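Residue numbers (the numbering used here), protein chains in the order written: chain A, 492 to 691; chain B, 492 to 691.
It is worth saying that the hints were derived from the structure and are not from the lab.
It is possible that part of the hints are untrue.
Pairs involving identical chains hold if they fit within one copy or between any two copies, as the list cannot separate such chains.
List time: in silico DSSO-like cross-link candidates among lysine-lysine, alpha-carbon distance up to 30 Å [said to hold, decoys possible]:
| no. | residue 1 | residue 2 |
| --- | --- | --- |
| 1 | Lys-596 | Lys-658 |
| 2 | Lys-645 | Lys-684 |
| 3 | Lys-526 | Lys-658 |
| 4 | Lys-520 | Lys-574 |
Fair warning: this is a prediction, and the values are worked out from it, not measured in the lab.
Protein chains: 2
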Amino acid sequence: MAEPIEFYFDFSSPYSYLASELIDDLAAKYGRKVKWRPMLLGVVFQKTGQPLLVNVPLKGEYSLRDFSRSARYFNVPFKFPAKFPMSTVSAARAYYWLHGQDCQKARQFAHAAFRAYWVDGRDISDLAVVQEIAAGIGIDGTALAAGIATPEIKERLKVETDTALAKGMCGAPYFVVDNEPFWGADRLPQIEKWLQTGGF
Amino acid sequence: MAEPIEFYFDFSSPYSYLASELIDDLAAKYGRKVKWRPMLLGVVFQKTGQPLLVNVPLKGEYSLRDFSRSARYFNVPFKFPAKFPMSTVSAARAYYWLHGQDCQKARQFAHAAFRAYWVDGRDISDLAVVQEIAAGIGIDGTALAAGIATPEIKERLKVETDTALAKGMCGAPYFVVDNEPFWGADRLPQIEKWLQTGGF
Chain A
492 MAEPIEFYFD FSSPYSYLAS ELIDDLAAKY GRKVKWRPML LGVVFQKTGQ PLLVNVPLKG
552 EYSLRDFSRS ARYFNVPFKF PAKFPMSTVS AARAYYWLHG QDCQKARQFA HAAFRAYWVD
612 GRDISDLAVV QEIAAGIGID GTALAAGIAT PEIKERLKVE TDTALAKGMC GAPYFVVDNE
672 PFWGADRLPQ IEKWLQTGGF
Chain B
492 MAEPIEFYFD FSSPYSYLAS ELIDDLAAKY GRKVKWRPML LGVVFQKTGQ PLLVNVPLKG
552 EYSLRDFSRS ARYFNVPFKF PAKFPMSTVS AARAYYWLHG QDCQKARQFA HAAFRAYWVD
612 GRDISDLAVV QEIAAGIGID GTALAAGIAT PEIKERLKVE TDTALAKGMC GAPYFVVDNE
672 PFWGADRLPQ IEKWLQTGGF
């Protein structure tokens, strides 16, 4: 079986959320799995020296319009949250803690965390909220809080973030398909053509 | 008949070139015309405070790969030129000078100028090259040189650039369809859906 698609994202990235609702089905159409890899996008901003898109003159105003319109285009529920940007350290660590035990649960959690923020506007920087989201899929919140405080999990998130950078991640979402990098939810059609044709 | 699509671009923008090869056919499918409006993208860079994409760490390397891959995706001939960025003042003025006389010729010239730079790597900042491109579609180079030196034509390019900014242009290409702005060649599918559905 062909290699899985790597999907690097930050829970605070709107285009990552949109892609998260689409990438598994797209990959499955071509017999591929997807490796979900949350990371901390702030590190990319530091490296590129780029500000948050919504803070850039002209681009900020446009992007707010584009987020919502892209969501409608992709037919994905979306509401720009009151609090933005959002610290996603706890959510990302929770993902890796769950992933060490049950990767299906981790995937479920990732969807739930994305939707909690990008549909329901919840403050996922708050550990209590992350615990509630986890509880919704049958995960014990106390065990989660203990799990994400371990050095192993902290290190895991750091390593995944460094790995994303080493693979050239310049924005989110960032996909690697057979060593070919794709940046942006708007590159999903190119990813599909790549999967269809084996590269073009 | 519905309003034409406004297409703002700079001849030095690779994604504008890609869009230039596609937008007329897309518009025609839905009974629309396209108003081509070259402008000077440097003014947008000043306003947004953004550097050239190719000079941004990580994004620069990615973008060079993405330009070529996007061209292959759209099936448009493309070769990244040796000289980049490129001053496009003469080419843009030549477009408006021609447009005042014969808008079909102006469109032909725009295609020829884009291809001269993005396929053949010619230095379109050089007036002699612009004259040669114009000669290729039957335009007298001496008349062109005189035409683009007039205050009216200089003012026209300034006004069009200011208009693009006033319409929120935050990057190139930038389209306005029934007052809805779209930035990027990668928004062509959204433009198509907009034309199909009358807005979504």
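We went through each hint and held it up to the structure:
1. Proximity of Lys-596 to Lys-658 under the C-alpha cut-off of 30 Å is restricted to the intra-copy arrangement: shortest distance 26 Å within a copy versus 46 Å between copies.
2. In this assembly of identical chains, Lys-645 and Lys-684 lie within 30 Å of each other by CA distance neither inside one copy nor across copies; the values are 37 Å within and 44 Å between.
3. Taking identical chains as interchangeable, the C-alpha atoms of Lys-526 and Lys-658 lie at most 30 Å apart only when both belong to the same chain, with a minimum of 14 Å there against 41 Å between chains.
4. Taking CA atoms no more than 30 Å apart as the test, Lys-520 paired with Lys-574 passes in neither setting, with 35 Å inside one copy and 42 Å between copies.
Of the numbered hints given earlier, the model fails hints 2 and 4; all others are met.
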